[in-house]
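4 protein chains.
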Amino acid sequence: MLVVMKKNATSEQIEAAVGAIEQKGFTARPIPGGERVAICILHNKGPVDASFFMQLPAVKEVIAVTRPFKLVSRESRAHDTVVEVGDVLIGNGHLTVMAGPCAIESESGALAIAALVKERGARIFRGGAFKPRTSPYSFQGLGEEGLKILAKVRAETGMPVVSEAIDHEVFDLVEQYVDIVQIGARNMQNFSLLRRAGKSRKPVLLKRGMAATIEEWLMAAEYIMEGGNDKVILCERGVRTFANHSRNTLDLSAIPVVRQESHLPVIVDPSHAAGFRDQVVPLARAAVAVGCHGLIVEVHNEPEKALSDGAQSLYPDQFADLCGQIAAISNLTRASMH
Amino acid sequence: MLVVMKKNATSEQIEAAVGAIEQKGFTARPIPGGERVAICILHNKGPVDASFFMQLPAVKEVIAVTRPFKLVSRESRAHDTVVEVGDVLIGNGHLTVMAGPCAIESESGALAIAALVKERGARIFRGGAFKPRTSPYSFQGLGEEGLKILAKVRAETGMPVVSEAIDHEVFDLVEQYVDIVQIGARNMQNFSLLRRAGKSRKPVLLKRGMAATIEEWLMAAEYIMEGGNDKVILCERGVRTFANHSRNTLDLSAIPVVRQESHLPVIVDPSHAAGFRDQVVPLARAAVAVGCHGLIVEVHNEPEKALSDGAQSLYPDQFADLCGQIAAISNLTRASMH
Amino acid sequence: MLVVMKKNATSEQIEAAVGAIEQKGFTARPIPGGERVAICILHNKGPVDASFFMQLPAVKEVIAVTRPFKLVSRESRAHDTVVEVGDVLIGNGHLTVMAGPCAIESESGALAIAALVKERGARIFRGGAFKPRTSPYSFQGLGEEGLKILAKVRAETGMPVVSEAIDHEVFDLVEQYVDIVQIGARNMQNFSLLRRAGKSRKPVLLKRGMAATIEEWLMAAEYIMEGGNDKVILCERGVRTFANHSRNTLDLSAIPVVRQESHLPVIVDPSHAAGFRDQVVPLARAAVAVGCHGLIVEVHNEPEKALSDGAQSLYPDQFADLCGQIAAISNLTRASMH
Amino acid sequence: MLVVMKKNATSEQIEAAVGAIEQKGFTARPIPGGERVAICILHNKGPVDASFFMQLPAVKEVIAVTRPFKLVSRESRAHDTVVEVGDVLIGNGHLTVMAGPCAIESESGALAIAALVKERGARIFRGGAFKPRTSPYSFQGLGEEGLKILAKVRAETGMPVVSEAIDHEVFDLVEQYVDIVQIGARNMQNFSLLRRAGKSRKPVLLKRGMAATIEEWLMAAEYIMEGGNDKVILCERGVRTFANHSRNTLDLSAIPVVRQESHLPVIVDPSHAAGFRDQVVPLARAAVAVGCHGLIVEVHNEPEKALSDGAQSLYPDQFADLCGQIAAISNLTRASMH
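Residue numbers (our numbering), protein chains in the order written: chain W, 1 to 338; chain C, 339 to 676; chain U, 677 to 1014; chain V, 1015 to 1352.
For the record, the hints were derived by calculation from the structure and aren't laboratory data. Since no wrong hints were added, every one of them can be taken at face value.
Calculated cross-link-like contacts (lysine-lysine; reagent style BS3-like; alpha-carbon spacing at most 27 Å): (1) W:K60 / C:K643; (2) C:K643 / W:K6; (3) W:K6 / U:K746; (4) W:K148 / W:K202; (5) W:K70 / U:K683; (6) V:K1074 / C:K408; (7) V:K1021 / U:K981; (8) W:K24 / U:K682; (9) C:K362 / V:K1021; (10) U:K746 / W:K60; (11) C:K398 / W:K305; (12) V:K1038 / C:K345; (13) U:K736 / W:K70; (14) W:K7 / U:K746; (15) V:K1020 / C:K408; (16) U:K683 / W:K24.
One-sided and incomplete, this derived list gives chain V residues near chain W with beta-carbon spacing under 7 Å: (17) I1228; (18) T1255; (19) D1265; (20) P1270; (21) P1296; (22) A1342; (23) S1350.
Backbone N, C-alpha and C define an ideal beta-carbon position, used for all residues, glycine too.
Excised from the complex, chain W in its bound form:
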């Protein structure tokens, strides 16, 4: 932490700031510069609240120097974390494709789609049972019935399954039935749900909030790891910007940055980012080329009949093409990243 004093700060004010810092138990080291003095705060363990120093007299600015996250940081664990889900590996050198419908709508539909995506290259099946919907009047998912269908899909196909938990009560249920519990973008800073996830022994797929910085996203993962669960898979799914040609703006620059800052695997959801099928395939290719560890993609055997998000669901043939393309890109990319 660096406390920058105003140009006209008096030596009394500087001394007072030093005193206030040291009273908090830190070491303060003033650095006289050409125009002003800056005070470095040393020996702080863990995060320091910038706002405390911001309000001291004659302080112009407070600048954070160290990152607030610890357990998720690559500085605390140099090697990539690989999350194991059954015999499927996520992270470090693997490109794992999760696919399935937005929402589970029926057993027969789910089994049909699962067979299709498995044959075409998916390793994990996705499907929503409890859907977070902007409108209370929209289809909210089949609930536990949907989870039972997911369990049946796993039994019949051998694929692990992933589904979203939207609150504590649902988390208990979802955790019983699925292999990976998803925390959605709108709940990324539902700290209570993150703590619940920290107590789980199931891997957690943590989507980035639509206005979350990478630091906030990693801090959300820190909540889960701090609770004792280190099987966290990060998922970029687009952020909200002024751009209106896409549902969200997929931020692929996040992938190299997350990989540098953290040891956790990071995958990409091009379907929710795009909102339109035509953008999903090119963005999925780009996500693999940028170096993500996997994709989560919506696929439907009859998108025009889907109860939600039909317009962004791929047709099975599109998905098959996509799987072919990304395997080749992944080989190239992995080679280049050693």
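For this one, chain W is given, so just place chains C, U and V on it according to the hints.
Then chains C, U and V, alone, in the frame of chain W:
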């Protein structure tokens, strides 16, 4: 809903789109234009899923014409809703000031601040007992102990109290102790918590999410009203933009728009928007001038010792000045809005 | 400038970074912290290019400590600049209203509007002669004919006039006819035009770009002042965000920040920010309450016949009401800011 | 254009709106819906000013149905435009790499870098002679001297060269020396410069503004084409968002959308988007995978000595690796897009 066909759409494709619309139970009325055909969808009750039509062959775009919200809409209730909390009124012609510390830190501190803000013009006392914090290592609030202190503040000062609920379990507790339950910005689309709030008989203060459109914010309020609770107070607290001189960008244009679209009262939180004390007083004045129904402001008797958000808390004297200024501005503004 | 080293930086790498800094002619002072070393760069006159240091081996981050602007900074001039335009003053304790149509459409129209706005409280007349338009097919303004009409308005009403210059050639013309030359939001970083403005002896109204940080905006003003023209009036007109209920998001938090960082006067354009008449009056009141030095507002005697931006132009009676309201708010605000 | 009336609009108000539309020379067709009436505007040639209709009594909203651009639209030209620069082709099935330093700093340096990038796969050489810089105190480029060096590079290597024009006067100069004239992001809505580019016979590289929608970007290209120059190459270079881990947020979803909406070639600049070398290579791969027609990349033989943007310039070896990777990805991608 308007389904816009591509320029080169054939008459078969147009007929197919009309058929698909009518199969869903709507009326389709094609409008031949100079360059292309658009099909109006009529007689739809409630929201229509745009994505379904988006994927029909030769469809270029689908445009929503009506708003998806009903109960919160001014079209469904012409007169302003006034929320009563004890003898304090919020909405239509009243300017209600809520003030207090970011977090409840001790009984003596809370009582001291409450006495100060009451004397200077606050009608409702605010204070966090369960704090949503970006870092798991930061102070998380006193919990139920904080709620007991709030109840004591009410008993001693007669002021109603407001505090945030961060999950279901906490909602049950908070509801027992306080007069207004707050749902924070990070939980604005925690639909499960919104449903819980819909079952409450206590007024709910619903903060706008930091990347929420007005439509999404009103749809969140719709969840609460649809559940049976129509005592919803909206609260603008800044949105996330590229601008970095303020913690968030306070979006005051939201106030006239919300007042036009909805009958619900809408207040402003300049403290969390700004993040810095120096911006709070001018933004609070501006919020009143733009026509909001109230303010929620952080005040601390010793901001430099606050355990959270000290830099944005007003000193008691600043708060007193502010109350004087806004009373006069409110009179002017109200007169002009008749 | 603070150069933060990676945790695992070796002492050789730290020494190399110190050497590289000193070779550039600066003083480097390494600060060993609990976890890592940071190196302060001292005695730099003027801006230092962060990217140079960013690429040194084992450097994690480079943090700017001082602001890059000089002439516009309040640290270089403590007292508010007051720009004089004829007998009209802009800045420090004055609330100056500029009003008129978006574009000059005819002499009779301009004179009629000018008479109206003068009577109701405007001190300066605005009107576009050269219009920057998103589409090449839209009305582009009357050109020099419009400037002649503006000169006539001044001759008949005594009001100074302001109009936009969209390139060098137009600047030469506009400068001859008007009292204040406007540089529009889209040209805020047209550095060539800023240099031209620096050579002018006329005051310059510099609008904030729709994605400009305050630092970039003040640096644009720095270009003009560095060129020798210190009569710069800043103008906030909304920034681009995800919000779609307003044409732009008016960023009123910019006003207290600019007033703190700079001595230049800063006014607000609520018309272009809002895009809709119903939002203009409340936002104008808010702008005055937040502490701006003036407003620039679009008013038309027949908005429904306006050739551009009719929907955001106030009716004369609305403008009259507005002038009454803001005078009172301004008195209150000024008193509170002493 | 669709004019949506308020729910409570009277039949007189609807008739008045119809009359107002027809007075403008359009056909108005009212569509009675379940809850409200919408009026379709037909037979409009070219853009209609929405703001005119927005202000008619009882109008709730005005919705644009057709796109405002014509010449750049794929609806006006079905086949991809291929821009020829000497024997280099840009567009439709070609992946063209432009590379070189941010700024031309010396003849020997430019020649050294040109030789390096040519050998490694670049087809066009880039280098700034006139630099737009945020600060008036930063290095502004060598000016005409830089252009002469570019001409020399072309003479010695046979590579066409591209450089930026920042105003009219500079455009005249740049046009004489280079093969492609660049219009930078900050000048994307410098309409006067766009008109100048429309009169040129040289291809124009038009960067997207950092807060420009795709519609605005294509309208800027429309200015150039409307002026008579159809050799426009679009370039995505990142947009400004709240995200702060990258200099800008590269919006790769723009590529499939632009390719669908327009026949013009579109390339990507990962260097300015990222701002940091470590992000450039992965983003460049992603840009090719998403389907762009080329890249413009900063490469420097001694980045640590670069006078500007050293931190984002690739080392020659990184560039060589990149060229190898993208050639393979491009083959895959092109195959999949047929």
